[in-house]
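Going down the list, the protein sequences come from chains Y and Z. Heads up: the first sequence runs through residues 79 to 412, numbered per our numbering. Heads up: the second sequence runs through residues 3 to 370, numbered per our numbering.
Bear in mind the hints are in silico, worked out from the structure with no lab data behind them. Watch out, some of these pointers could steer you wrong.
Reference listing, derived: stretches of chain Z covered by chain Y, where coverage requires no fewer than 3 residues with Cβ under 8 Å from a Cβ of chain Y [claimed, not checked]: (1) 143–150; (2) 153–165.
Cβ pair distances, simulated, as ranges [what the hints assert, rightly or not]: (3) 146/Z with 343/Y: 44 to 52 Å; (4) 31/Z with 137/Y: 46 to 54 Å; (5) 264/Y with 352/Z: 29 to 37 Å; (6) 134/Y with 41/Z: 24 to 32 Å; (7) 137/Y with 41/Z: 34 to 42 Å; (8) 369/Y with 184/Z: 39 to 47 Å; (9) 253/Y with 279/Z: 48 to 56 Å; (10) 392/Y with 170/Z: 29 to 37 Å; (11) 392/Y with 175/Z: 36 to 44 Å; (12) 31/Z with 134/Y: 43 to 51 Å; (13) 396/Y with 122/Z: 52 to 60 Å; (14) 223/Z with 253/Y: 45 to 53 Å; (15) 41/Z with 267/Y: 31 to 39 Å.
For each residue, glycine too, the CB sits at the ideal point set by N, CA and C.
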Amino acid sequence: MSVVYFLVQQTMFFSIPLLIVALGGMFSEHSGVINIALEGTMILGAFAGILFINAFQSAALGQSPEQLSGPLFGQLSGQLLLFLAIPVAAAAGALISLTHAYASIHMKADQVISGTAINMFAPAFAIYVARMLRTVQQIPFTNEFRLESVPGLGSIPLIGPLFFQNTYITTYIGFLILIAARIVLYKTRFGLRLRACGEHPQSADSVGINVYRMRYAGVILSGMLAGIGGLVFIIPTSTNFNATVSGYGFLALAVLIFGQWKPGRILAAAFFFGLLKAVASSYSGVPLLKGIPIPSNIYKMMPYIVTLIVLAFTSKHSQAPKAEGIPYGKGGRE
Amino acid sequence: MNGRLKQILNLNNSASAISSLTAILVGLLAGFIVLLLSNPSQALGGFGAILTGGVSDRKNMGQMLYFATPIIMTGLSVSFASRTGLFNIGASGQFIAGAYCAVLVSVRAPFLPGPSRWMAALLAAMIAGALWGLIPGALKAFGNVNEVISCIMMNYIGMYLVNFLITQTVFDSLKNQSMRVSGNGNLPKMGLDLLFREGNNVSSANFGIVIAILMAILLCILLEKTQFGYELKACGFNQAAAKYAGINERRSIILSMTIAGAMAGLGGALLYLAGSGKGIDVVDVLAAEGFNGIPVALLALNSPVGVIFSGLFIAYLTVGGFNMQLYSFAPQVIDIIIAIIIYFSAFALLLKNLLRQRALTGQEGEKS
Chain Y
79 MSVVYFLVQQ TMFFSIPLLI VALGGMFSEH SGVINIALEG TMILGAFAGI
129 LFINAFQSAA LGQSPEQLSG PLFGQLSGQL LLFLAIPVAA AAGALISLTH
179 AYASIHMKAD QVISGTAINM FAPAFAIYVA RMLRTVQQIP FTNEFRLESV
229 PGLGSIPLIG PLFFQNTYIT TYIGFLILIA ARIVLYKTRF GLRLRACGEH
279 PQSADSVGIN VYRMRYAGVI LSGMLAGIGG LVFIIPTSTN FNATVSGYGF
329 LALAVLIFGQ WKPGRILAAA FFFGLLKAVA SSYSGVPLLK GIPIPSNIYK
379 MMPYIVTLIV LAFTSKHSQA PKAEGIPYGK GGRE
Chain Z
3 MNGRLKQILN LNNSASAISS LTAILVGLLA GFIVLLLSNP SQALGGFGAI
53 LTGGVSDRKN MGQMLYFATP IIMTGLSVSF ASRTGLFNIG ASGQFIAGAY
103 CAVLVSVRAP FLPGPSRWMA ALLAAMIAGA LWGLIPGALK AFGNVNEVIS
153 CIMMNYIGMY LVNFLITQTV FDSLKNQSMR VSGNGNLPKM GLDLLFREGN
203 NVSSANFGIV IAILMAILLC ILLEKTQFGY ELKACGFNQA AAKYAGINER
253 RSIILSMTIA GAMAGLGGAL LYLAGSGKGI DVVDVLAAEG FNGIPVALLA
303 LNSPVGVIFS GLFIAYLTVG GFNMQLYSFA PQVIDIIIAI IIYFSAFALL
353 LKNLLRQRAL TGQEGEKS
């Protein structure tokens, strides 16, 4: 049973960032802008968030030992610090996505090109700034954010160990984002207008919706969520940030397509990939799999191969927003 | 009429050049600002090193040719697919698949006589790259799978598969990379290393650059002078219209991706058979050369011959970046410059159309 608990907990670490970032991509694509810059945006979000955490943690270390042992620097401060790092990551993501929005909305540039530029810029910028600030490119942080067990809920049998032990508050934030995204997209005026801009911007414009503004909103929302997703990915899986999110932004793009641009299906897709990733990274901890002589590289390939196969069968009837990738101009004849 | 057509074509070319140059200038300016912000006193020296590093002596010029070779090939790969309206972001996977097969043949087939060994290695690399391009092409043609996503997946599959295969077949466990290629397994130098040297320091220049340039010319002829090339371009302009005109658009998509893959695969071979002692590192990082093909193709506005020049330019910046480290700047500033160049080259297309339109309307005005 402990193996199942372990796998579920590991799956959470991989699924939640994918979920958050794919939901971000969803907002952008429903507004009509393809955002392949998710990878770069995640990197910059994680970079800003981790730098923020690192600054506070090194400041705390610099203080006298008496203060360090005080109640303020216990569990509470750790969670608060993480909580504060999230808006920092979101702001960084929003900032870089503005450049993508400007190129693809105002300048009507090829959306894939400016996305590629951001993906190239992000790691270079993160390494450059880190090296200029601290001479090494890695930014270390102390993982003081893990919750051994959520008070009260963690002791419930079965559900406790599955969902409320060895976890992070970011997991629950991820689920909150999912619920919020669903409500915003389907139950609000904003969501309806956003989707209209991605399906048929000319019609949206004809009834007085500002297509440019809606698309900016979609892209900035995606930048914020991708930034948060980057931080959420780094916190449980590492103790230093090395200017990479291991291709999770690209994987989130696949999750988005696999999830057919719908929040509920995106959740399912994110957990599917999360499970595959969790198996790939910790199969040696699972007795059943450890016995089978499959090399680790094959496990690592699995999520990508499965994605390809799934896409091959599902892409014929793609429910992608119809106007995605097409710049909108008022004089358009399409 | 004919004269007018020529005029428009000339205009088109000069507008292309102006728009690319604008993107480059903005990128360089941004790079200078980054240097200025991080260390004002060294910025001028550092920026000077970027600009002059590639041409400061003959060895550096040779290094420039060496660095340009693989990215010209991946640039050709990306630009060729673009002409059929496909975005080949999978050059990285195709590149590494080709690199592995080339190293495998060169190391494990010493029985092949003379230069036939490296030739066989290049062929193997092209086949491997072609296969890696064929899969996303076929998925696009028959399953409507977005080629960007499938190419990204193929990049990771290629990377992990090559890492696995290297450890099984040609592994140098001390260096954690592929075994060294020796003798005729490597491309001939053709005296290029001696031509481009500084004192006794020879550069890594080799025959690869000649192959890359020949390939660019070959693709140019294919695209501009053959019916097949015309069909590919027709699909790129308007797939529905091409289909209506009787062009098999599925065949065009698949063949375009296959050829693009073969080019990137060959690029992998040209880098790892260059005789510089470089091996394929077994690390979970995608081959950067594949992604660097994207700016090369963009700067060349997808013209195969233009790719030669844009590839040399990016390589020139790279060599300059190494030299800049003397001024204690991190070399990542080069990537920042390239990223900004890509970003503004997205605008460049807009600028190009604007320039062309303005010039055309200006002429109309003069006539009337």
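Cross-check of the supplied hints:
Counting residues of the segment 143–150 of chain Z whose beta-carbon sits less than 8 Å from any beta-carbon of chain Y gives 5, enough to reach three: the coverage restraint holds. With a cut-off of 8 Å between beta carbons, the segment 153–165 of chain Z has 8 residues touching chain Y; three or more are needed, and the interface restraint holds. Separated by about 18 Å at the C-beta atoms, residue 146/Z and residue 343/Y break the suggested range of 44 to 52 Å. Here the CB-CB span from residue 31/Z to residue 137/Y is close to 36 Å, at odds with the stated 46 to 54 Å.
The hinted window of 29 to 37 Å between residue 264/Y and residue 352/Z holds, with their beta carbons roughly 36 Å apart. Checked against the hint of 24 to 32 Å, the C-beta distance between residue 134/Y and residue 41/Z comes to roughly 26 Å, which is consistent with it. Separation of residue 137/Y from residue 41/Z is about 25 Å and departs from the stated range, judged on CB atoms against 34 to 42 Å. Between residue 369/Y and residue 184/Z the beta carbon distance is about 41 Å. The supplied range of 39 to 47 Å therefore holds.
Taken as a hint, the range 48 to 56 Å holds for the pair residue 253/Y and residue 279/Z, whose Cβ atoms sit roughly 52 Å apart. In this structure the hint that residue 392/Y and residue 170/Z lie 29 to 37 Å apart at CB holds, the actual value being about 33 Å. Checking the proposed 36 to 44 Å range against residue 392/Y and residue 175/Z shows it holds: the Cβ atoms sit about 42 Å from each other. At roughly 35 Å, the beta carbons of residue 31/Z and residue 134/Y sit outside the given window of 43 to 51 Å.
Range check, residue 396/Y to residue 122/Z: about 42 Å between beta-carbon atoms, so the 52 to 60 Å window is missed. For residue 223/Z and residue 253/Y, the hinted distance range of 45 to 53 Å is not satisfied, since their beta carbons lie about 58 Å from each other. Taking the beta carbon of each, residue 41/Z and residue 267/Y are about 50 Å apart, not inside 31 to 39 Å as hinted.
Violated hints for the displayed structure, listed by number in ascending order: 3, 4, 7, 12, 13, 14 and 15.
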